[in-house]
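Protein chains in written order, with the working numbering: chain A, 243 to 555; chain B, 1150 to 1654; chain C, 9 to 172.
Check each hint, because a few of them may be wrong.
Below, a list of computed lysine-lysine pairs in the BS3-like style, where the Cα atoms sit at most 27 Å apart [as the list claims (entries may be wrong)]:
1) K549(A) to K500(A)
2) K130(C) to K1434(B)
3) K130(C) to K1286(B)
4) K1532(B) to K130(C)
5) K498(A) to K379(A)
6) K539(A) to K516(A)
7) K507(A) to K405(A)
8) K498(A) to K555(A)
9) K345(A) to K516(A)
Some chain A residues well away from chain C (every beta-carbon gap over 12 Å; in silico) [as the list claims (entries may be wrong)]:
10) E289
11) T480
12) S511
Rather than coming from a laboratory, the hints here were simulated on the basis of the structure.
Where a beta carbon is used, it is the ideal one built from N, C-alpha and C, also for glycine.
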Amino acid sequence: MKHLVLASLFAGAMALPAMADYTIIAPANPGGGWDQTARTMQTVLQEEGISKSVQVQNVPGAGGTIGLAQFASQNKGNPDALIVGGYVMVGAILTNNSPVSLKDVTPIARLTGEYEAIVVPAASEIQDMAGLVEKLKADPGAVSWAGGSAGGTDHIAVGLIAKAAGVDPTRINYIAYSGGGEALAAILGNQVTAGISSLGEFEAQIQAGTLRLLAVSAPERLEGVDAPTLQEAGLDVTLENWRMVAAAPGLSDEQKAKVTADVEKMAKSENWQKQLADKGWMDTFLAGPEFDAQLAKDTEATAAILKDIGLVK
Amino acid sequence: MGAFDFLMQGLATAADPMLLFYALIGVTLGTAVGVLPGIGPALTVALLLPVTYRLDPAGSLIMFAGIYYGGMYGGSTTSILLNTPGESASIITALEGNKMARKGRGGPALATAAIGSFIAGLIATLLLAFLAPTIVKLALVFGPREYFALMVLAFVTVSAAFGDSALRGLTSLFLGLALACVGIDQLTGQARLSFGQAELLDGIEVTTMAVAMFAVGEALFIAGQRDQHDDEVTAVKGSVWMSRSDWARSWKPWLRGTVIGFPIGAMPAGGAEIGTFLSYATEKKLSKHPEEFGQGAIEGVAGPEAANNASAAGTLVPLLTLGLPTSATAAIMLAGFQQFGLQPGPLLFATNPTLVWGLIASLLIANAMLLVLNLPLIGLWVKLLTVPKPWLYAGILLFATLGTIGANPSSVELGMLLGFGVLGYVMRLYGYPIAPIVVGLILGPMAEQQLRRALSISQGDWSYLLHSPIAATLLGIAALALIVPLILRARGKGQVLAQLAGDED
Amino acid sequence: MSDLQPQTKRRPDGAALVIAAGLAVIAGVMLWDSARLADLGGYSGVGPASVPRVVAGGLLGLAGWTVLAALRGDFPERPPQRVAPVLWIVAGLAVQLLLLHVAGFSIATGILFACTAFAFGKRNLAMTLPIGIAFAFVVWVVFSQLLMLHLPPGPLEHLFFPGG
């Protein structure tokens, strides 16, 4: 028995080259979206031969801000260090008063993204977004929204919807759950009026007919999704929950260009596309100055709405 | 084809010698990593998942199932032998299991844990296979108020097991509740008791706390004892095997543990540890040997271990039927399924029966493999206790810190390990029980969040908590559990109760 | 562990009074902290400050109860303890914490190993220290190289695995 284990461990050792190229920080616990993004990058970077060996390190905590702070301080000028992050980090930096922000790292590219979906249980009397908005206007407290953690993307989206509908965002009755999954259970169990989370969290239920999709937060209709955008429903709200990869601060232009080229090569590979399809992630690759502009715009808009909801002073 | 045919077909596929070999490797690796304190099944599966990528889907699926079960079983082994539970669900196992191990009954304790896990896993997996769609409907009835009532019940029943001093038990519990307040308040995003420290924003990690309280605190306490030979651990006394009376005392707790653990695991916000708490309290109530609780009662190992495993199978119910990962382990399993192109959800059983039944067959086989592998090894495991103390405790601390560093290599986390280790030592010194502080840390936030969610939904109307029949029933049972002992005590039966309550640090 | 019976008559227990004071201090900190939280109770009426206040109240009550128990001598007697071994282990953990990111996992953990062995009676550091470091190094290799668990490397690890 012992020999067996040793043999299999040994076989594992032979398969692994000794050199590590990239180290990717996943600023979250194993299993979450950022961790999965990092581990998918690890697989594709290795299999495509872009990097010989990639290590993933989890530094969980506080919406990714702990990992971000540690990454920024320990890796100045290190071209081999990467960190995964996303829109949630933008909000967490503000709500947690994080001393380190995305300005202190070198954002490389947006990799994937998901749009928010607004749903009600199939048994609900609410048929469309207009019906929900009408109820919200009549009595904001009577409309309970289940979604992810306070101050996260889902909460921000509800704040934006209320604001666009002319309802005071501080008066929304938002019930925070630890994640979209737990919120889903509350929606399916008819515990709340409406639910909001990434479309992917709800997709299977929508297809099975147990949830009714009212609207999505995309700028235009999504292929294969039978629902209007929030803009079509008369609410001027678009929101994308994106995930990105950033490099260490203090890189030279050549170093940055090399990392960007590696990431782009990965993102354009068939392998990566297949992984995205398997996981149901959308390819929203964006790099260079366009990504920087997008990031700046999102940061500004998020700061404004978090103030409106009352989460940031 | 009916469900049964699918299962048979799955089992037939999985019976291939090569696949059995993969299951064996999975179980072995899972046990080896899961044995480390602080590394629970979630991290074990996350670490070993890449190993499975190299295999074909069938082999990868079965190895994955093996790793999962191995990781869970490894955790209880160290809880029993070394009093170092690696995750919250095996804390209760450590209470009685370690007492048994110290009396030379580590063999029976490990055996009842292994067999109980097997039986619970078997029954729960079959329930999962045939009843999942029905069970999930029932589980969804649970909303915030029902969960709150369940938490209250867990609090009340577990408190009854807090040892002979109400003062010290409650103090320990309230310290746990106070520590539970640390971190970002989930419902409003405000930082509580964090004093501007970013590392405190996510609160206190239960595993760090458990490893510190049990492993580090214990090492300090034993080291400080003046006469070290007094507490010499007997490795084996009597048979390594379970005696006839062990069997007689174990089988009912196994079944009851399964019945308690499975539905709680199936609830989207249940949590495996709640099942172990309730099972422990139940066994203590029903036992014919209540005086043995706190001194190494085999029922207190058999029940919670079965509940733990049944609840693990239970978490697969929402995962497979709703695509809803309800625990860290389940979230990683979801990632594991996705690599096989399996998209869990309400249509899964209809659209992808071969894979689902293949998975269920794999789970059954991995479960059996675990038993086959571990029963003969029990003799070897208990030998661990004969390792001389200096090496044993040096090794325990090495692996305890390894687990903490591996999960989160931060100095703050290690500092907490040290700080709580010293706290655990002081608490042991003054006769404070250790379990309540960990229970408070686990249950406190759950109860608070569910209460506040319920009140948010009802817009501040407290009577809403009683309007649901399930919540009202659970609260009623909790009230009875609280009041009946008081009446008994008033009638002069306090002596019996004082005996009932052991000291379980 | 603590199967000692409380004795009937003893003088007030000083240590118990210290514990009571400690509980009161924790309660005070919680009340102070909860006072600065914004009241975002929203529709539930139970805000983020409510539960800490209830818990703090409970701790204050328990502090009072502890004082009573101390005055009545209701606290169990402590098993006699030796301080030195306890300090050795605490020191070992502290050294590991401080050296982990400087000296790497193997050396830091090897020192912890040797300190613990010392506390339990293996006093020969010249033997236990190398054993500890070697053992920790093997553990490091298995976990960081085979299982890809991130454990901080130091000079020793870099010597054998220049890349990792």
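Earlier hints that do not hold, by number | Hints 1, 2, 3, 5, 6, 7, 8, 9 are the ones this structure does not satisfy, whereas the remaining hints hold.
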